[in-house]
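Asker: Knowing the structure of chain A, use the given hints to seat chain B on it.
2 protein chains.
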Amino acid sequence: MDRRGNVFEVRAVGRVHSSRAEIVDDDWGEVEATISLLPPFEPESLAGLTEFSHLEVLYLFHEVDSASVCNGARHPRGRPDWPLVGIFAQRAKDRPNRLGLTTAELIGVEGTSIRLRGLDALDGTPVLDIKPYMEEFGPRTAVREPRWARELMADYF
Amino acid sequence: MDRRGNVFEVRAVGRVHSSRAEIVDDDWGEVEATISLLPPFEPESLAGLTEFSHLEVLYLFHEVDSASVCNGARHPRGRPDWPLVGIFAQRAKDRPNRLGLTTAELIGVEGTSIRLRGLDALDGTPVLDIKPYMEEFGPRTAVREPRWARELMADYF
Numbered sequence: 001m002d003r004r005g006n007v008f009e010v011r012a013v014g015r016v017h018s019s020r021a022e023i024v025d026d027d028w029g030e031v032e033a034t035i036s037l038l039p040p041f042e043p044e045s046l047a048g049l050t051e052f053s054h055l056e057v058l059y060l061f062h063e064v065d066s067a068s069v070c071n072g073a074r075h076p077r078g079r080p081d082w083p084l085v086g087i088f089a090q091r092a093k094d095r096p097n098r099l100g101l102t103t104a105e106l107i108g109v110e111g112t113s114i115r116l117r118g119l120d121a122l123d124g125t126p127v128l129d130i131k132p133y134m135e136e137f138g139p140r141t142a143v144r145e146p147r148w149a150r151e152l153m154a155d156y157f
Numbered sequence: 158m159d160r161r162g163n164v165f166e167v168r169a170v171g172r173v174h175s176s177r178a179e180i181v182d183d184d185w186g187e188v189e190a191t192i193s194l195l196p197p198f199e200p201e202s203l204a205g206l207t208e209f210s211h212l213e214v215l216y217l218f219h220e221v222d223s224a225s226v227c228n229g230a231r232h233p234r235g236r237p238d239w240p241l242v243g244i245f246a247q248r249a250k251d252r253p254n255r256l257g258l259t260t261a262e263l264i265g266v267e268g269t270s271i272r273l274r275g276l277d278a279l280d281g282t283p284v285l286d287i288k289p290y291m292e293e294f295g296p297r298t299a300v301r302e303p304r305w306a307r308e309l310m311a312d313y314f
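Protein chains in written order, with our numbering: chain A, 1 to 157; chain B, 158 to 314.
Hints were generated in silico from the structure; no laboratory data involved.
Glycine included, each C-beta is placed from N, C-alpha and C at the ideal position.
Be aware that one or more of the hints could be misleading.
To give an idea of the chain B side of the interface with chain A (calculated C-beta under 10 Å), a few residues [to be verified]:
| id | residue |
| --- | --- |
| 1 | Val167 |
| 2 | Gly186 |
| 3 | Leu195 |
| 4 | Gly235 |
| 5 | Arg252 |
| 6 | Gly275 |
| 7 | Leu279 |
| 8 | Ile287 |
| 9 | Pro289 |
| 10 | Trp305 |
Residues of chain A clear of chain B, computed beta-carbon distances all greater than 12 Å [stated by the list, open to error]:
| id | residue |
| --- | --- |
| 11 | Asn6 |
| 12 | Arg11 |
| 13 | Arg77 |
So that you can see chain A by itself, here it is in the shape it has in the complex (with noise of 0.2 Å):
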């Protein structure tokens, strides 16, 4: 932590073994992926898991160079006809602090690996937390979002 108390130290939990290696934008919704908890987790980290469908796992795209990080605004997938948005009105991975968040499907879990479909992180991937989904920590009121969200994100699963 620096005087001013702004920086944390996190430690990988897991990592991401997929077989995708290299970064991809489209068609994560079927993707296999098994996260690999490290020391000092233990099964019993996960016991009761696959009471739940879906996990939301938070990890960092540690594939993006710090130089690349968005502070400001850009146009998502620098696509033109997409508007200048804010880093923090979009999910770009050159974003501050590089995290990623992602619910995705539990398969199963076998001693400290978990099974998941449709993760979107690469191979190698840190994972910093995993938490189960739970539906009432979603959306309690109508969802709305612009259009060139669903755009993107019509191929992206």
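Answerer: Quick look at chain B alone, frame taken from chain A:
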């Protein structure tokens, strides 16, 4: 980053201002809070944000002492009538990396301040990322969760 490449630094991008300054378990739904971005972030980092109805906020449970973090299994809220479940099968704050994640309703943006409803973070909480909620990033198949989770969440929001 340490030798094994498993430790990373993250930096607060903003702080939460909330009427709730002490740990409370329930009734977060109507609580309004503001996230104030820290330098170097300018209003452009939030451009287009109000096109979205909800945000996902990643934050740090900064009041959790690292000594109280659970790496194994525990009863949610210490309740023996609920099962012993792994720390990654629950959303307790006493978790590795102390990362919190909530979907909150966006009320409005003014400069570098974001007004939200239903953010379960205490006053002063460091915010690590803000992402627009996109329906497509939610579960794409039917959601299943255990009874204890439904019971725990009944009065949460």
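Asker: Decide, hint by hint, whether the structure agrees.
Answerer: Okay, the hints, checked on the actual structure:
no.	hint	in the structure
1	Val167	holds, 5 Å
2	Gly186	holds, 7 Å
3	Leu195	holds, 7 Å
4	Gly235	violated, 16 Å
5	Arg252	holds, 7 Å
6	Gly275	holds, 7 Å
7	Leu279	violated, 15 Å
8	Ile287	holds, 4 Å
9	Pro289	holds, 5 Å
10	Trp305	holds, 9 Å
11	Asn6	violated, 4 Å
12	Arg11	violated, 5 Å
13	Arg77	holds, 14 Å
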